[in-house]
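Quick mapping for you: the protein sequence lines, in order, are chains F and A. Start counting at 1 in the first sequence, then tack on 247, and there's your number in this note's numbering. Start counting at 1 in the second sequence, then tack on 313, and there's your number in this note's numbering.
Hints are supplied without guarantee of correctness; some may be wrong.
[Claimed, not checked] Each pair of labels, with its calculated beta carbon distance range:
no., chain 1, residue 1, chain 2, residue 2, range
1, A, Gln374, F, Val523, 43 to 53 Å
2, F, Val291, A, Arg410, 58 to 68 Å
3, A, Arg671, F, Val251, 51 to 61 Å
[As the list claims (entries may be wrong)] Derived, one-sided and incomplete: chain A residues facing chain F with beta-carbon distance under 7 Å:
no., residue
4, Pro691
5, Ser704
6, Val707
7, Asp708
8, Thr722
9, Val754
10, Gly777
11, Gln778
Honestly, the hints are just simulated from the structure, not real lab data. For each residue, glycine too, the CB sits at the ideal point set by N, CA and C.
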Amino acid sequence: MLSVVTFLPLLVCAVLLLLPRTLPDRAYLWIWTGTAAADLALVVALWAGFDTGEGPRYEERVRWIPSAGVGYHVGVDGLSLPLVALTCLLFLAVAVFSLRERRRVRAYVCLFLFLQTVCVGLFVALDLILFFVYFDLSIVAMFFVIAGWGHGERARAAALKFFLYTFTGSLALLLGFIGLYLAADPHTFDIVDLTRANPLAGRGTYAGLVLLAIGVGLAVKTPTVPFHTWLPPAHTDAPATGSAILAGVLLKMGTYGFVRIAMPLLPGSWRHYALVIVVVGAVSVVYGALVALAQTDFKRMIAYTSVNHMGYVVLAVGAAGTLAGTDAQARSLAVTGAVTQMVSHGLITGALFLLTGVLYDRGRTYAMDAYSGLAAHTPRFAAVTAVAAFAALGIPGFSGFIAEFQILTGSLASQTIATAVALTGIVITAALFLTALRRVFLGTPRLPDTMPAGGVADLRGTEAWPTVILLAVALVIGVAPRWLLDVIEPAGRALTGLVAR
Amino acid sequence: MNQNLTALIPELALLGAAVIGLVTGSWLPRRRQWIVAALAATACTAGLTATAVTMATGGEQTVFSASFAVDTATGIGRLIVLAALLLVIGMSVETVRNHRRETEYWVLLLMSGGGTLAMVGANDLLMLFAGYLLAGLPAYALAAFAKDARGTEAALKYYLLGALLGTTMLAGTALLYGAGHATDYAGLSKALPDAPYGPVAVGLVGVLAGLFFKIGAVPAHFWVPDVSDGALAPVAAYVTTLPKIGGLIAAYRLLHQALAGGDVNWPLLLAIVAAVTMTLGNLAAFFQTSVKRLLAYSTVSQVGYLLMAPAVATRSELAQKSLLFYLAAYTVTNLGAFAVVTELPRARALTDYRGLARSHPGLAAVLVVCLLGLVGTPPTGVFLGKLEIFSATVDGGFTWLAALAVANTVASLFYYLRWLGPLFATTGAAPAAAPAAAHAVLGRSAAVTAYAAAALSLALGIAGQAVLTLADEPLLP
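Only chain F is shown next, with the shape it has when bound in the complex (with noise of 0.2 Å):
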């Protein structure tokens, strides 16, 4: 069943390619918003008969390359079902967003199925070199979304810098997993089996090794600080589409290779450097709300605050490896927040970058001084940005909300400097979104000189479906979570056990 929906999208991506290219542009739309429509359908069938019980669900193990230790495991449990039905959701919204699309639509719709099935199977995945393969598959992907379809030349740059920062960190990644591998007895690559068999434990500074190695390479994907700067110049000359998956499914591999990989499968060091990735964290929370304080244009002040974002999960990862001063109950709520964080951030910004793509469209820029009083032109695009970036600050009654708050409490009693440093980090976001806003959207009405001619039109029904049911989604988590949290709290609590053993 999971290998279904994996694999749905690359097969229809396949049948695609073999079709006639005078198909019209229209068609190879419907059928990918078609196949991005059956695969949500098929998550949530799965979601309905999930079991929170212990250990993955819907397991499937086929021996692959077993002389070399790899094999094809996939299952989901409770930390990767919310991200595997998050990743459906967002590409059925960049497929809807995507009607309008007229550039080389053909090569376009396979690409992006191509980087659905990778995403939906890296989080599927139970294998390391599975993990990986799909690791870096997301980054040959993305690297032609930028490249292809971003904003002219730079983006070609933009796409070699963030090839090459993340291509980087995989390697770091792969070389940590081999020194996994070869610690286990008998070798393996097999998640489930090294999470049981816990080989590095009492290491010391091999294991140490290894966990820098996985730390880094997570680090660069997620992006922390200091390994971000790939991120603001791939988010600003990606497409919108590219960025929104970008933003909300591709930074997730980094965190969810935190809970996956190096959490349960390295407790002992995890624990010795908690402090080390706790300090990490705040200072991302800080340093990227501070940054994005002071950017001038829109689309790299989201990027930041994605920086932001990613901070409170590192920060929450951090402090359930930290034993002292607190229970497993706050450990617990800890990452619990973390995940919950992790899809609400792909929600919210996911909409958020769409958004930015509507605004580009309009006038060509993304530039804040270029706007002013557009709430007077685009009333409906100027309604449904304000709510995004109130999510987005993390307002009471969206998902926001709820997820840095169980962060903030699980963290506090443990780590409390900081929490308490990582909480200005919300005051500085909320103060950034609203002056954002206040410059694009109040005050005198005024256009760039970039925009076209024909005025500027409000958001249309393919842009704001897409944008509206993300967020609505995010709504409906603040106000009833239990739904969520109910298959991530199991989870939670069995991942701390893990750590604390």
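Guided by the hints, dock chain A onto chain F, whose structure is given.
Same frame as chain F, but now just chain A:
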């Protein structure tokens, strides 16, 4: 003494086809010399079949006073060499079609391939040297096949370096013979641990120098860029691929079988050579503008990764299968890239590849698969090869070398992407007519070869289990 000739069918098929082809070719009219190419392809196929039968029926043995071993490494080595020869033949068809000396091209190719097979199975220093010469001499002639200034210069450089290091190899053989009173590996492995340190160390370095030349490792790599750039594209593909298979398997066998004991610290020597080779190859490739020179330096850096396996030959059980698998994956991937270069003879510089994704999407896809494959992106074969070889290196205690290899892999990405980037460029700075001329294709055969190589590269990554299982059997003494 086992003199079972049927164990040597692949070698005999290549050399026999070379002789028959030479005789037949001198009577054939110029338009019908393709018959010799067909003969060469038949010989390779026969060799592949014989190898498959040998491996399936467990025909492992050593023949002729144990001077030639027919074991796992030989079996896999033969499969790689013969498949690579088929690919090289495929991509050469249009380049030499109806050439005045077409027959000679095929004959030289077959003889050099036979020599490579001899190196793969050599279990004796003298056999190894004979293989070295047989693989080398026809290759020098192939490098100058076009008879133009650049090709001649390249061939001269290739020949002089080969002759010089061949001499040191022979001198090294003599020293090892003097120290160990034997040339066969079984005898050497018994005698060398008690032999004086100096002659063994110097002799080993001498023999390895010849092998380093063959595989194009630093400091014997100077011929690689010149020959790749000066010779015909299929010949460049040949000399950057096949000799490496022979040389590396021979080096592995020598170190594993003859020098496992004793106090010469060759693992460190090999590790240092590997480190220097991968780093220099990458640094030199950075700012190349000619695609053939870029690929040449990329093959130098690939040899650096490959040398990590012989370095841990006796220290990790993973060494042998990682070497054999990486060789197979590297061979098809590198040949795929060269097949695209052959198919586009007018595109010599990186900038000539602008917009290829639009004019020839199939070839662009092959380049994406092969170049990203050479970086080691999953799911291509080289990724699995790198995974295995890095594991072997860490397992053998050279973690620093594996870390350096990872750093080099990242660095190599830069120049491969410099090539891949222009493929997808849409707005050409050059006039519209220029790319059309640069993208003129040669013919169907080279294109099919490119597709086949890319497909094999992917297949090795996804279904690599088959090769890995085969490659895991121990060597014969």
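Quick rundown of the hints versus the structure:
1. Checking the proposed 43 to 53 Å range against glutamine 374(A) and valine 523(F) shows it is violated: the Cβ atoms sit about 58 Å from each other.
2. Evaluation of the 58 to 68 Å hint for valine 291(F) and arginine 410(A) yields a pass: the beta carbon distance comes to about 60 Å.
3. For arginine 671(A) and valine 251(F), the hinted distance range of 51 to 61 Å is not satisfied, since their beta carbons lie about 34 Å from each other.
4. A cut of 7 Å between beta carbons decides the hint on proline 691(A): the least distance to chain F is about 4 Å, and the hint holds.
5. Hint status for serine 704(A) relative to chain F: holds, with the closest Cβ pair at about 5 Å, below 7 Å.
6. For valine 707(A), the suggested interface contact is upheld, since its CB lies about 5 Å from the closest CB of chain F, less than 7 Å.
7. Interface hint status for aspartate 708(A): upheld, as the beta-carbon distance to the closest one in chain F is roughly 5 Å, under 7 Å.
8. The beta carbon of threonine 722(A) comes within 6 Å of a beta carbon in chain F, closer than 7 Å, and the hint placing it at the interface holds.
9. Here the hint on valine 754(A) is broken, as its CB sits about 20 Å from the closest CB of chain F, past 7 Å.
10. Interface restraint check for glycine 777(A): the shortest CB-CB distance to chain F comes to about 6 Å, inside 7 Å, so the restraint holds.
11. For the restraint placing glutamine 778(A) at the interface with chain F, the shortest Cβ-Cβ distance is roughly 5 Å, inside the 7 Å limit, so the hint holds.
Of the numbered hints given earlier, the model fails hints 1, 3, 9; all others are met.
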